[in-house]
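Chemist: Sequences are here, hints too, so could you generate the full structure?
One letter stands for each residue in the lines below.
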Amino acid sequence: MKESGRKHGALSPCAACKLLRRRCAEDCVFAPYFPPDEPHKFASVHKVFGASNVNKMLQELPEHQRRDAVSSMVYEANARVRDPVYGCVGAISSLQQQIHSLQTQLAAAQAEVVHMRMRQFSSSSNTGGAMDMAVDQANMGESLWSC
Amino acid sequence: MGFVCTRSPCTENMASSSSYNSPCAACKFLRRKCMPGCIFAPYFPPEEPQKFANVHKIFGASNVTKLLNELPPHQREDAVNSLAYEAEARVRDPVYGCVGAISFLQRQVQRLQKELDAANSDLIHYACSEIPTALPAPPGPSSIQSMAPRQRLIDHYDRIGMGNEGGYYEAPAIPTPYNLPWNDNPSGDNSAAGGGSNM
Numbered sequence: 001m002k003e004s005g006r007k008h009g010a011l012s013p014c015a016a017c018k019l020l021r022r023r024c025a026e027d028c029v030f031a032p033y034f035p036p037d038e039p040h041k042f043a044s045v046h047k048v049f050g051a052s053n054v055n056k057m058l059q060e061l062p063e064h065q066r067r068d069a070v071s072s073m074v075y076e077a078n079a080r081v082r083d084p085v086y087g088c089v090g091a092i093s094s095l096q097q098q099i100h101s102l103q104t105q106l107a108a109a110q111a112e113v114v115h116m117r118m119r120q121f122s123s124s125s126n127t128g129g130a131m132d133m134a135v136d137q138a139n140m141g142e143s144l145w146s147c
Numbered sequence: 001m002g003f004v005c006t007r008s009p010c011t012e013n014m015a016s017s018s019s020y021n022s023p024c025a026a027c028k029f030l031r032r033k034c035m036p037g038c039i040f041a042p043y044f045p046p047e048e049p050q051k052f053a054n055v056h057k058i059f060g061a062s063n064v065t066k067l068l069n070e071l072p073p074h075q076r077e078d079a080v081n082s083l084a085y086e087a088e089a090r091v092r093d094p095v096y097g098c099v100g101a102i103s104f105l106q107r108q109v110q111r112l113q114k115e116l117d118a119a120n121s122d123l124i125h126y127a128c129s130e131i132p133t134a135l136p137a138p139p140g141p142s143s144i145q146s147m148a149p150r151q152r153l154i155d156h157y158d159r160i161g162m163g164n165e166g167g168y169y170e171a172p173a174i175p176t177p178y179n180l181p182w183n184d185n186p187s188g189d190n191s192a193a194g195g196g197s198n199m
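Residue numbers (full-length UniProt numbering), protein chains in the order written: chain A, 1 to 147; chain B, 1 to 199.
Everything labelled a hint here was simulated from the structure, so no lab data went into it.
Here the structure is a predicted model, which is why all the values come from computation and not from measurement.
Every residue, glycine too, gets a C-beta built ideally from N, C-alpha and C.
Each hint should be verified, as a subset may be incorrect.
To be verified - Interface residues of chain A toward chain B, partial, derived using beta-carbon atoms under 7 Å: (1) Cys17; (2) Glu63; (3) His64; (4) Gly87; (5) Met116.
Modeler: Here is the structure:
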């Protein structure tokens, strides 16, 4: 009776109801996503978003999207607990800086590749020209002696 | 009742000016009197009602109050702005919020790193192909002869920034979010709760 409707099949209350000290109903919206063996997951989400906000947000989503929503909220909440000032906006800023740096390095490397290609092309062209000149000189020598 | 008001020189000045003129966006939204020293007043001006509306919807006014009270005053503005950013992202994308942006940026970093690796290996290829065509080293001990081409390669690497000082970009460790549906390279770590250490 208690197991029906609880996908994790546990008889103990979910981590959310444990923290909130309330009875874990069979249709508890938190139960599928906050198992009792991961109390820290709900603790950080509750601290940052609040249980009622999380409840509201989950209720507004179709069921198949709730797991991803919970995962992203857990990620954000953990980031905010670790960095109360910037949360995961700090990570976004850092990534944008990385991208800028990589783009600069890539542009420089690609310019160098073009430079090297042109150098190889011009050095192979010069080698062919020198040989033509040697043949012409040999021909000139013959014509001089023929006079 | 009401919100905990903390006193600090900057909040007092700004709060008193806003409360004389009009209540801050938070107190307006919550339909409360905006008291002098209101903790929200410096950061939620009345002309930006949506900012507080989003933050309240996602985080809740009391959670924001607690968070701001735990921070020194000089960090509160940045904290509010980052909360507002996250809240707006979550309102626009209720499933992934700003974690979607993090995943997108991480994929961009990976793509750029791959391209940079490819360009650098092209350069190594060109540098190696040049070495046999370089002028022969002057006669001398064999150790000097063997070092000359190697030194030219090292000099070339330094010139293009691949030496010890420049070169490959080492990204600081940022925990990869859990697997998003569009991830090409799943991180394999579905537990975002643990996270990494560098944020």
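Chemist: Determine for every hint whether it applies to the structure shown.
Modeler: Structure-based check of each hint:
no., hint, result
1, Cys17, "18 Å, violated"
2, Glu63, "12 Å, violated"
3, His64, "10 Å, violated"
4, Gly87, "5 Å, holds"
5, Met116, "4 Å, holds"
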